[in-house]
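Undergrad: Each protein sequence line maps, in turn, to chains R and U.
Counting from 1, one number per residue, gives the positions in the first sequence under this note's numbering.
Counting from 1, one number per residue, gives the positions in the second sequence under this note's numbering.
Be aware that a few hints might be false.
Lysine to aspartate or glutamate pairs mimicking EDC-like chemistry, simulated, CA-CA at most 20 Å apart [stated by the list, open to error]:
{"#": "1", "chain 1": "U", "residue 1": "K182", "chain 2": "U", "residue 2": "E121"}
{"#": "2", "chain 1": "R", "residue 1": "K130", "chain 2": "R", "residue 2": "E214"}
{"#": "3", "chain 1": "U", "residue 1": "K182", "chain 2": "U", "residue 2": "D207"}
{"#": "4", "chain 1": "U", "residue 1": "K175", "chain 2": "U", "residue 2": "D163"}
{"#": "5", "chain 1": "U", "residue 1": "K135", "chain 2": "R", "residue 2": "E169"}
{"#": "6", "chain 1": "U", "residue 1": "K75", "chain 2": "R", "residue 2": "E169"}
{"#": "7", "chain 1": "U", "residue 1": "K172", "chain 2": "U", "residue 2": "D133"}
{"#": "8", "chain 1": "U", "residue 1": "K135", "chain 2": "R", "residue 2": "D165"}
{"#": "9", "chain 1": "U", "residue 1": "K182", "chain 2": "U", "residue 2": "E164"}
No lab work stands behind these hints: they were computed from the structure.
Here's the letter readout for the chains.
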Amino acid sequence: MAKSFSVRRLPGFGAIALATFVMLYLPIVVLVVFSFNAGSSQSQWEGFSLQWYAAAFANQQVQEVSIRSLWLAAVAAGVATALAVPAALGTTRVSRFPGQTMIYALINQPLMVPEIVTGIALLIVVAWLKVHTGYTGMGYLVLAHTAFCIPFAYLPIRARLETLDATLESAASDLYASPFQAFRFITLPLLVPGIAAGFMLSFVISLDTVVITEFVKSAGQDTLPTYMLGQLRRIITPEMNAIATLFLALSLIFVTAFFLITRKRG
Amino acid sequence: MTQEIEIAGLSKVFGQGASAFRALTDINLSIDTGEFFTLLGPSGCGKTTLLRMIAGFEHPTGGTLKIAGEEMAGKGPNARPVNTVFQSYALFPHMTVAQNIGFGLKMLGKSRSEVDTTVAEMLRLVRMEPMADRKPSEISGGQQQRVALARALAPRPRVLLLDEPLSALDLKLRKEMQSELKRLQTETGITFVFVTHDQEEALTMSDRIAVMSAGRILQLGTPHDIYHAPAERFVADFIGDTNFLDLPVTAISGDVATLTLPGGQSAEARLPAGYLPVIGETVTAVVRPEQAVLGEPGSGMLSGTVASSVFFGTDTHLHLTLSDGQDFILRRQNTADLPVPQPGTPVGITLGAGTLRVLRS
Ligand SMILES: Nc1ncnc2c1ncn2[C@@H]1O[C@H](COP(=O)(O)OP(=O)(O)OP(=O)(O)O)[C@@H](O)[C@H]1O
Ligand SMILES: [Mg+2]
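With the hints as constraints, model all of the structure from the sequences given.
TA: Following this line, the structure appears as structure tokens:
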């Protein structure tokens with residue numbers, strides 16, 4: 001019997017795979033390693049120390065932007081998820097209607113339009129709004145992040161819904177459940193992993209986005225990534241490595257949680 | 001007897017325009033309270049569609065449907081006194097066996113204690129008490145089947161709808177569940193509407209059977225009627241083995257026709273209701289293989305020769321060729337000292353009175 005095709009036997013597969021992993025992870029490893037450097041160099045190892053972590057924690061500004069980033073991500077992910085649930089229900093649990101693909105495309109706009117384009121568009125509109133309303137608060141960032149997060153919340157929820165047997169909802173209504181009760185007692189509990197995954201993913205996305213924030217924020221509304229970007233224009237100390245490492249750890253926690261939740265669904 | 005379900009002129013068309021598909025045509029049925037009623041037919045004949053319309057998942061394109069005397073149009077599944085056992089069971093995976101069984105009662109707003117009592121009673125009825133706290137994924141297929149039954153029975157519906165509930169089970173479990181179902185139906189007195197495409201299952205379990213084909217009911221009657229007096233070729237062919245004989249009519253009196261058999265002898269055969277052939281016309285008559293009796297050459301009404309024989313343990317199927325060349329199958333009970341006739345042996349065949357029947361054509 002012929003062996004099935006295996007990409008592993010292609011010549012050079014090992015070398016390419018290795019090079020890819022080196023490219024992807026070596027810079028991060030270097031970044032993390034130097035966050036523990038006792039000196040202030042990014043290239044000369046001068047011994048182990050946690051001093052840069054201490055500095056980062058003591059830094060008032062870092063504290064401020066981190067808190068802003070976290071609550072912004074929590075609110076944006078929360079609202080995006082709350083909107084994504086009915087959007088997912090409305091695009092899967094109904095018979096096909098004209099314009100369904102269109103709606104699907106519209107919901108997923110942020111995945112298709114280049115981020116810089118969305119950013120510039122938002123910049124123009126938000127600048128106009130700021131002038132005409134006089135309001136310059138965090139509302140713009142919350143709205144922009146929420147809209148940007150919706151597809152990331154929507155997709156896992158929709159994926160979960162599609163694997164959910166619609167007969168279960170029929171069975172519930174056969175057993176005298178009203179449409180709301182069928183949703184509340186059957187669909188919603190079974191959707192929880194999808195909802196949690198959607199929330200995690202959009203939380204990380206909001207935490208991560210630089211471009212949207214950069215274009216929408218007013219003075220004093222830096223988030224952690226835009227603050228870091230600003231700092232990089234000046235001299236870089238391993239304090240930035242420490243902040244980046246912590247940021248990485250936080251993202252990893254959420255991404256891991258996302259994978260654990262979506263994997264358990266089977 | 002009171003009527004639990006009355007269906008008149010019911011039809012269902014899926015889709016519109018060129019892609020429209022007529023799944024059910026002019027269905028007329030009335031099902032008695034406490035009856036075990038079976039919808040029997042080949043795949044795609046519309047059994048599930050009819051069941052889904054009774055449950056309220058699908059809306060008829062025409063006709064009326066009454067349950068317990070009440071018109072059902074405009075009522076959703078949750079407003080009908082009917083519960084369904086789904087083919088895939090559709091147990092709620094995040095709930096325990098007990099919670100699944102109690103779901104309907106909870107939705108009906110029954111008190112906690114009432115729910116608990118009924119759930120306990122249902123668990124006992126389907127012999128699942130030890131598994132009350134397991135999740136559906138932690139029990140076997142046969143056990144899931146019992147839970148699905150208990151869940152549908154718990155709210156004490158007027159009618160229980162069962163869509164091929166046994167088709168996922170292996171033969172042994174299937175036989176077990178057949179008698180279990182029959183027991184539950186007798187004990188609860190609930191009207192069962194049972195869907196199957198297995199003719200043997202339909203014959204052994206039902207009070208009455210509706211044989212369906214291509215969206216229509218071809219014949220409706222007791223298992224005895226359906227088996228012994230099939231009205232149409234499809235019904236005779238679908239249920240059991242049958243000999244079809246094309247025979248000329250020589251006389252008609254009332255609902256009995258006199259037919260000329262191959263070899264020239266005459267035999268009387270009952271006509272189906274409402275069917276009157278003309279004298280001289282050739283009609284199709286049927287006789288079941290076990291109703292013909294093998295005899296010496298020259299005895300009986302028909303003569304033929306043995307073409308082949310198949311031994312089945314309790315009986316032997318003899319494939320015969322009649323004097324005019326038509327095939328005939330005869331089923332003979334085996335006894336230890338009875339020899340199996342060799343191919344080529346001439347034989348006589350006796351048809352008992354009333355075994356020959358004319359089909360509507
Ligand atoms: N929603 C639908 N849209 C279009 N056609 C449908 C729909 N549901 C069923 N049909 C068609 O109606 C016919 C009857 O289907 P139904 O499911 O009632 O068959 P069935 O007798 O239950 O068959 P089986 O024994 O295979 O379950 C089939 O030809 C099917 O393709
Ligand atoms: Mg079916």
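Undergrad: Does each hint fit the structure? Answer for all of them.
TA: Checked hints:
1. U/K182 with U/E121: holds, 18 Å
2. R/K130 with R/E214: holds, 15 Å
3. U/K182 with U/D207: holds, 11 Å
4. U/K175 with U/D163: holds, 17 Å
5. U/K135 with R/E169: At roughly 18 Å apart (the allowed maximum being 20 Å), R/E169 and U/K135 satisfy the hint.
6. U/K75 with R/E169: Holds: U/K75 and R/E169 sit about 17 Å apart, inside 20 Å.
7. U/K172 with U/D133: Violated, at roughly 27 Å.
8. U/K135 with R/D165: Since the Cα atoms of U/K135 and R/D165 sit roughly 17 Å apart, the hinted pair holds (cutoff 20 Å).
9. U/K182 with U/E164: OK: U/K182 and U/E164 at ~14 Å, within 20 Å.
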